[in-house]
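Q: Spelled out from the first residue to the last, the chains are:
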Amino acid sequence: MRSISHERRRQVVWGYIFLAPALALFAVILVYPLLYALWLGFYDWPVFGEKTFVGLGNYARMLSDPLFRKSLVNTVCWTCCVVPATVVISLAVALLLEAKFLKGRGLFRTIYFIPVVTSVVGAAFAWKWLFEPTFGVINWLLGLVGIRGPGWLASTTWALPAMMAVGVWKQVGFAMVIFLAGLQTIPKELKEAATVDGASSSQQFFRVILPLLNPTVVLVLVMLVINAFRVFTIPYVMSAGGFTWATPGGPLDSTRVLVLHIYDLAFSKFQVGYASATAFVLLVIIMMVTIIQIKLVQRPFEY
Amino acid sequence: MSPDIFSGMTVKAPACTGMPGSKRRPLALLHLLTYVALLAGAVWTLLPLAWMVSASLKPLSEVMRIPPTWVPLQPTLDNFRQVFVQFPFGRYLLNSVIVAAVVVVSVLLTSSLAGYSLAKFNVPGRTFIFFLILSSLMVPFQTRMIPLYRMAVAFRLIDTRLGVMFPWLIDAFGIFLMRQFIATIPTELIEAARIDGASEPFIFVRIILPLTKQALSALAVFTLTANWEEFLWPLIVSTSEASRTLPVGLQGFAEQYGTNIHWQMAGSVIAVAPLIIAFLVLQRQFVEGIAMTGLKG
Chain C
1 MRSISHERRR QVVWGYIFLA PALALFAVIL VYPLLYALWL GFYDWPVFGE
51 KTFVGLGNYA RMLSDPLFRK SLVNTVCWTC CVVPATVVIS LAVALLLEAK
101 FLKGRGLFRT IYFIPVVTSV VGAAFAWKWL FEPTFGVINW LLGLVGIRGP
151 GWLASTTWAL PAMMAVGVWK QVGFAMVIFL AGLQTIPKEL KEAATVDGAS
201 SSQQFFRVIL PLLNPTVVLV LVMLVINAFR VFTIPYVMSA GGFTWATPGG
251 PLDSTRVLVL HIYDLAFSKF QVGYASATAF VLLVIIMMVT IIQIKLVQRP
301 FEY
Chain E
1 MSPDIFSGMT VKAPACTGMP GSKRRPLALL HLLTYVALLA GAVWTLLPLA
51 WMVSASLKPL SEVMRIPPTW VPLQPTLDNF RQVFVQFPFG RYLLNSVIVA
101 AVVVVSVLLT SSLAGYSLAK FNVPGRTFIF FLILSSLMVP FQTRMIPLYR
151 MAVAFRLIDT RLGVMFPWLI DAFGIFLMRQ FIATIPTELI EAARIDGASE
201 PFIFVRIILP LTKQALSALA VFTLTANWEE FLWPLIVSTS EASRTLPVGL
251 QGFAEQYGTN IHWQMAGSVI AVAPLIIAFL VLQRQFVEGI AMTGLKG
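Protein chains in written order, with the working numbering: chain C, 1 to 303; chain E, 1 to 297.
Bear in mind the hints are in silico, worked out from the structure with no lab data behind them.
Just so you know, even glycine gets a beta-carbon here, dropped at the ideal spot from N, CA and C.
Hints should not be assumed to be uniformly reliable.
[Said to hold, decoys possible] Here are the simulated DMTMM-like cross-link-like pairs (lysine to aspartate or glutamate), alpha carbons at most 25 Å apart as the crow flies:
id: 1; chain 1: C; residue 1: K70; chain 2: C; residue 2: D44
id: 2; chain 1: C; residue 1: K100; chain 2: C; residue 2: D44
id: 3; chain 1: C; residue 1: K103; chain 2: C; residue 2: E189
id: 4; chain 1: C; residue 1: K269; chain 2: E; residue 2: E200
id: 5; chain 1: C; residue 1: K70; chain 2: C; residue 2: D264
id: 6; chain 1: E; residue 1: K120; chain 2: C; residue 2: E7
id: 7; chain 1: C; residue 1: K269; chain 2: E; residue 2: E241
id: 8; chain 1: C; residue 1: K269; chain 2: C; residue 2: E7
id: 9; chain 1: C; residue 1: K51; chain 2: C; residue 2: D264
id: 10; chain 1: E; residue 1: K213; chain 2: E; residue 2: E241
id: 11; chain 1: C; residue 1: K100; chain 2: C; residue 2: E192
id: 12; chain 1: E; residue 1: K213; chain 2: E; residue 2: E200
id: 13; chain 1: C; residue 1: K100; chain 2: E; residue 2: E288
id: 14; chain 1: C; residue 1: K191; chain 2: C; residue 2: E98
id: 15; chain 1: E; residue 1: K120; chain 2: E; residue 2: E200
id: 16; chain 1: C; residue 1: K188; chain 2: E; residue 2: E191
id: 17; chain 1: C; residue 1: K269; chain 2: C; residue 2: D253
id: 18; chain 1: C; residue 1: K269; chain 2: C; residue 2: D65
id: 19; chain 1: C; residue 1: K269; chain 2: E; residue 2: E288
id: 20; chain 1: C; residue 1: K103; chain 2: E; residue 2: E288
id: 21; chain 1: E; residue 1: K213; chain 2: E; residue 2: E188
[Said to hold, decoys possible] Restraint-style ranges between C-beta atoms, simulated for each label pair:
id: 22; chain 1: E; residue 1: Q214; chain 2: C; residue 2: P211; range: 22 to 32 Å
id: 23; chain 1: E; residue 1: L132; chain 2: C; residue 2: F206; range: 40 to 50 Å
id: 24; chain 1: E; residue 1: F155; chain 2: C; residue 2: I186; range: 45 to 55 Å
id: 25; chain 1: E; residue 1: R150; chain 2: C; residue 2: L67; range: 21 to 31 Å
id: 26; chain 1: E; residue 1: Q285; chain 2: C; residue 2: E192; range: 26 to 36 Å
id: 27; chain 1: C; residue 1: S64; chain 2: E; residue 2: V71; range: 55 to 65 Å
id: 28; chain 1: E; residue 1: W70; chain 2: C; residue 2: L190; range: 28 to 38 Å
id: 29; chain 1: E; residue 1: A273; chain 2: C; residue 2: F267; range: 27 to 37 Å
[Stated by the list, open to error] Here chain E is said to cover these stretches of chain C; the calculated rule only asks that three of the stretch's residues, wherever they fall, bring their Cβ under 8 Å from a Cβ of chain E:
id: 30; stretch: 36-43
id: 31; stretch: 93-104
id: 32; stretch: 109-115
id: 33; stretch: 121-131
id: 34; stretch: 257-267
id: 35; stretch: 272-279
id: 36; stretch: 282-293
Bound conformation, chain E alone:
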């Protein structure tokens, strides 16, 4: 990373030589300070991840060493094996994947259907419904979690995957986002399809969904990122290995094996890697998805 940037600077420096000598120095200094500030921030940003990956690849004795060895002296993959042997980590991973997949599909489906209806169907009471959905954006999950827990008890959803996912199956923000997006699609397009005899479900699947791909992918990314790291609700509702997702599984692991940092870090790497890799591959979709939450409120 750093050689790249510094070579960029040396390219830039001669370009300034055309300027009067008095002006050159402060400008070069300003450029240097900009790079120093950005690099310092980047180091701070990557510090915990670098340490996590490094610690996951070395024995405990080396993890505790001062000064730290960033590149392991005795590299080992044993920590990753231990994580799966000591704890049902495969199970946590599976639970996390299933919960996230169902939640994302449900949010995309309910949001696009409801958004389509609110944008293009003149149903009585739609203004009121839209107002209700918008107002609910203000209600934090933490206010609803005690009733949701009591509901989970009543419906025997404690310690089940359905129990972990059910409070997230709909997202008011998703409905709002899809309504705003679908409102920009010309109504003539839909009416032309109706005149051609297309059924309403056909119009939704073949016309509306393809035209909202961008909003759908943004909403999918946004939902996935939030759901993958959700901690509070699974902490309440998962009481055994059966339904624990990665974040709660990791916490239980840490409480039981408090000092086995090398294993904890291997577990953490497994928990954070999937989403970071997905982000590095699909950067544009991720940044757009998160930036779209800027529409919120």
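So that you can see chain C by itself, here it is in the shape it has in the complex:
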């Protein structure tokens, strides 16, 4: 009896020893900063001078802040374009790669996956010059088919769409891999049975494949939405520096997304309290998206 409780105690001690490094780091770099951010959000803390408690003042201030509204609209815009485009393209590629007659499947998969492992700053630089209005390749290609291309990154209308294209380019391979894994789990007999019953390809897709792929689609959607709300590097790199458009988020804040707004508030304007409150709004948005996903996946499609 004594030896069992001794053994049990010994194991509990070892269990905690193995957990200790992770828990210590978890407290320091996850829990503490999160609580600190929440606390900071209740204060007005200018560069010079003392901090003052303002309660929910920072949150109220957001409601009437045109820059916050602009950055939220830009982010929602980014999400509503990049996420559906990425899902449709990657699902189409995954389905095409599943075609029985296809040769060079592995090669295509490799090519489509390359952007996922391509450092996004380097890629964004290349895209920035591809979108250059006068000697850029994109406008040259458009010129070949008789279209006069816009000023892209220098234009308030076209800068965000150009950056969205890069966002899609970067993520298609990732979504494709998850869809390919999801398609593997669909039993071949089901597709064959549908064909025997005389279902057309489109019927097979909408009635058999898509419903069975539903959990995978939800998963990819949620991950892409979270990525979309956290987007920063592509708009920052593609709008900062270069010839004329020097301020990140430009021209004229047309590419100022939420994280860029938070970064600007905290590290250029030094409004630490207000920036923290805005960062907390980002957290709430991401939590809501995740909770919706959990609710959706708990009721998977039954068959």
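Take the given structure of chain C and dock chain E to it, following the hints.
A: Same frame as chain C, but now just chain E:
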């Protein structure tokens, strides 16, 4: 690439001749459309990389030429030399490698240890700890970055390599992944080793780690890919050449030498090449590693 694929098509076409004439044409057309769509996508995917490599190998005057010359008329390696001469690019590369290496090792170690404990040791409060770790997956880095910056200031970590790496030394997703994976290892294996008198660290190193190789390599790839291109945090915490990693170094370079595209592209090639080469060599591990993030959430 393309000749290969088209030869595949010509092989396929005769195979369809056995079918009734009415059915052959639409099917061949469908095949053709599939290849055209996939090829167009592949061209779009490779376009920026092709342009980057091409521009890095030619003088500025040729970079600006319209129509573009994909194969340089005056090929030169001078751009790569200039990148190292004009800027401490070797330093950026070294910083990137050191930061990525430490982060990957730390994430693998803390995740496998904690995952093992949560899966196989019945410590009081483990359900709560696991719940806490799972919930933290929802907390974006961007919400924590201002406090992390203030911590870096307080601990004098601004502009140091440790400052660049410390927010990434643990990954809640890694703990979750390793816990799920280790839970599938039979407990009898561990108990048998205990009866034979093996110490707990010995069991972890000699039994658990070898059996989790697949998950560990996936986690390593996932962590490395994310860390290699991390931009926001080093942008905040690195204030000089001392601690800049490749992505921030490149950005500083671009801001200072805005119009020297040929040098920028040479720098970009150096930044993107290591991971792309690693991917081409270890394709299976990379695809598995990224697909495993599908477990997330």
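Q: Looking back at the hints listed earlier, which ones does the structure fail to meet?
A: As far as the earlier hints go, 2, 4, 8, 10, 16, 19 and 28 are violated by this structure, in ascending order.
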